[in-house]
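Work out the full structure, taking the sequences as your base and the hints as a guide.
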Amino acid sequence: MSQPVDNPPSTRTLSGQSVSPGVAFGMVHLSLESFEEVGTRRLADAEVDGELARMDSVARAARVSLVHQRNQLGEHFTEAQRRIFDTHLKMLEDPTIEADLRSRITEDRLGFESALKDMLEVYERLFEVVESEGLRNKLSDMRDIALRLLRFAKPVAERTAENDRTGGILVVRELSLSDLTEALDNGIVGIVAEHGSINSHGSILTRAAGIPAVIGVGDLDGLLAAGTEVLLDGDNGQLQIAPTSEAVRVAKGRATDEGEQELGPAALADGTAVVLEATAASPSEVKQVRRMGINSIGLFRTELPVIQRRARPREDSLSVLYKQVVGATESVTFRLPDLSSASEIDALFPNDEPNPALGLRGVRLLLERTDLLDLQLRAILRATTGGVARILVPYVVDRDEMNAVRGAAVRAREELRLEGVDVAHAPQIGVVFETPAAALLGRDLMQCSDFAMVGLDTLAEGLMMSDRRSFENRVVNRLRHPHPVVLRAVRKLVQVAAGLECEIGVYGESLVQNGLAQLLIGVNVRRFSVRASILRQAHGMLAEMDADTCERVAEAACRTSTASELAASLPPSWLED
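As numbered in the working numbering, residues 118 to 694 make up the sequence shown, in order.
Check the hints yourself; a few may be wrong.
What the hints assert, rightly or not - With a cut-off of at most 27 Å between alpha-carbon atoms, the simulated DSS-like pairs for lysine-lysine come out as follows: (1) K440 with K404; (2) K207 with K255; (3) K369 with K404; (4) K271 with K207; (5) K255 with K271; (6) K440 with K369.
What the hints assert, rightly or not - Ranges between beta-carbon positions, derived for each pair: (7) E241 with E470: 36 to 42 Å; (8) R177 with R597: 29 to 35 Å; (9) T389 with V629: 18 to 24 Å; (10) R560 with N590: 35 to 41 Å; (11) D663 with R597: 23 to 29 Å; (12) R591 with E238: 42 to 48 Å; (13) E672 with R591: 16 to 22 Å.
In short, the hints are calculated from the structure, not lab data. C-beta: ideal position from N, C-alpha, C; glycine also.
This is the structure we're talking about:
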């Protein structure tokens, strides 16, 4: 199927099953790794130890990749959906699977890929005799893990070859978690699978991510080639090959009328204006929110290219990516990479840290690895030529860090001007309030910043000394409900910002907690940035709020001392799901 077809494709419509609604049009990108092409490779006795070491290296790389994707793409999913990543991670670390592979390499003298194929075939035969949706889904997860290992067994140059897939349609054998993360990483706008289950983990997370997808269209050998234009109709479960321009126009018009109705300007029930922006991590997400009528990206996450290129993204490629983002919206704010040693990027973190969250993270890393900071600043400035670049600095503690980044931005701008790049305007540098220290130094930091954002989730973790990824309910419950200490901190920052006439906004997943958005409105927050999948929900919530009521309730809530006292002070309607 990966071979080009002999003749230009004729228009043809294939039917399958809708996994995720929406319409997408673009060129085909094939991702069709399978074990069919893996032959039986036998090892000589002297090759066994080297193959075992290779297996360990591949497994580690696959684990690191999955951890990166879980941490960086988690914003697309609920807490329960994020645990699917943990399920896959446990399978990658399963000692039984590892022992099985080692045995096939040491005793059967099979090469790693051959051992992987042999093991998977055994599991497939075992699972086939049991007709259970749960076991079928588990087998799908195992295939996904096996294919992930197979991909990482390839040479690095082959895995990291430049290939711009932005705006394309990904064609796969069976929709999996790996396929979805590849789509999110690369700006894919739709996914088509030959086979699959609507209840598989890949399907569940694809729906949550909001990417149009169709499965079960059948064998596509000879029908598609890389570059073929297709129209994916996730509403009706259809794939049209080489569609006419009229078919594309009609389908996109239907999507706009039915599924992508534009949101009007955000406002409270009493008419109070509110700025509602989007957070995004890829050009496709930016285009998605633009179709929804949201023309401003309040926070664009820049970590993914760094992770994909193992800390070595090329400036030209990065600039092109950021230029696509700038061109797709009216306003965009780039947050510099917020990475910690938990990402396990050896080029950035050669040494393990006992507590990555409190270690070399965010701006600390950027000031330690100034090459990465300079690369990001230059790419952003090049992408925003002729305009004003807005740049957020993550995980700030004091003004020394802000001044250091501003100094680096001034130097990058001067370098680019000498190179003939149009950077007539100085960039605006903003602070992210997400550490307790930054919250306490709010006035000092705003005085040396052009604007500010409150990273609500991370700030709450720091103030409550709780990790939202913990498996302990006593820890996580601290973050599941609004707490007065967080509300008071945000109120103080908003008050300081008003006095200094400094723009301030809030972003974070916890914005949709029962009662929290109303409380934030009550402490005079008027700028919010949320991910695409909850934009409509946030827009609707705001439209039902009354500013006077929110302010009155927030004033009482700020006088409480515990989460339970705060909850008791809220109107019952605010606590309804």
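Sort out whether K271 lies within 27 Å of K255, counting only the CA atoms. holds (25 Å)
Could you see if the CB distance from T389 to V629 stays within 18 to 24 Å? holds (20 Å)
For K369 and K404, compute the direct alpha-carbon distance and say whether it is at most 27 Å. holds (13 Å)
Is the gap between the beta carbons of D663 and R597 within 23 to 29 Å? Check passed, 25 Å falls within 23 to 29 Å.
Range hint 16 to 22 Å: satisfied by the CB atoms of E672 and R591? Because 30 Å falls outside the window, the suggested range is violated.
Does K440 pair with K404 here, judged by a C-alpha cut-off of 27 Å? Holds, because 13 Å separates the two Cα atoms, which is no more than 27 Å.
With the threshold set at 27 Å, check whether the alpha-carbon distance from K440 to K369 stays at or below it. Distance ~25 Å between K440 and K369 Cα, so the pair holds.
Checking one constraint from the list: CA of K207 to CA of K255, max 27 Å. Satisfied? holds (12 Å)
Should the hint that R591 and E238 are 42 to 48 Å apart at their CB atoms be regarded as holding? For R591 and E238 the Cβ distance comes to about 44 Å; the hint holds.
Starting from the range 29 to 35 Å, see whether the pair R177 and R597 falls in it by beta-carbon distance. Since R177 and R597 have Cβ atoms about 34 Å apart, the given range 29 to 35 Å holds.
K271 and K207 were given as a pair; does the straight-line alpha-carbon distance stay at or below 27 Å? Roughly 23 Å between the alpha carbons, so the hint for K271 and K207 holds.
Just to be sure I understand the hint, the distance between the Cβ atoms of R560 and N590 should be within 35 to 41 Å; is that true here? holds (37 Å)
The structure is inconsistent with hint 13 alone, although it conforms to all the rest.
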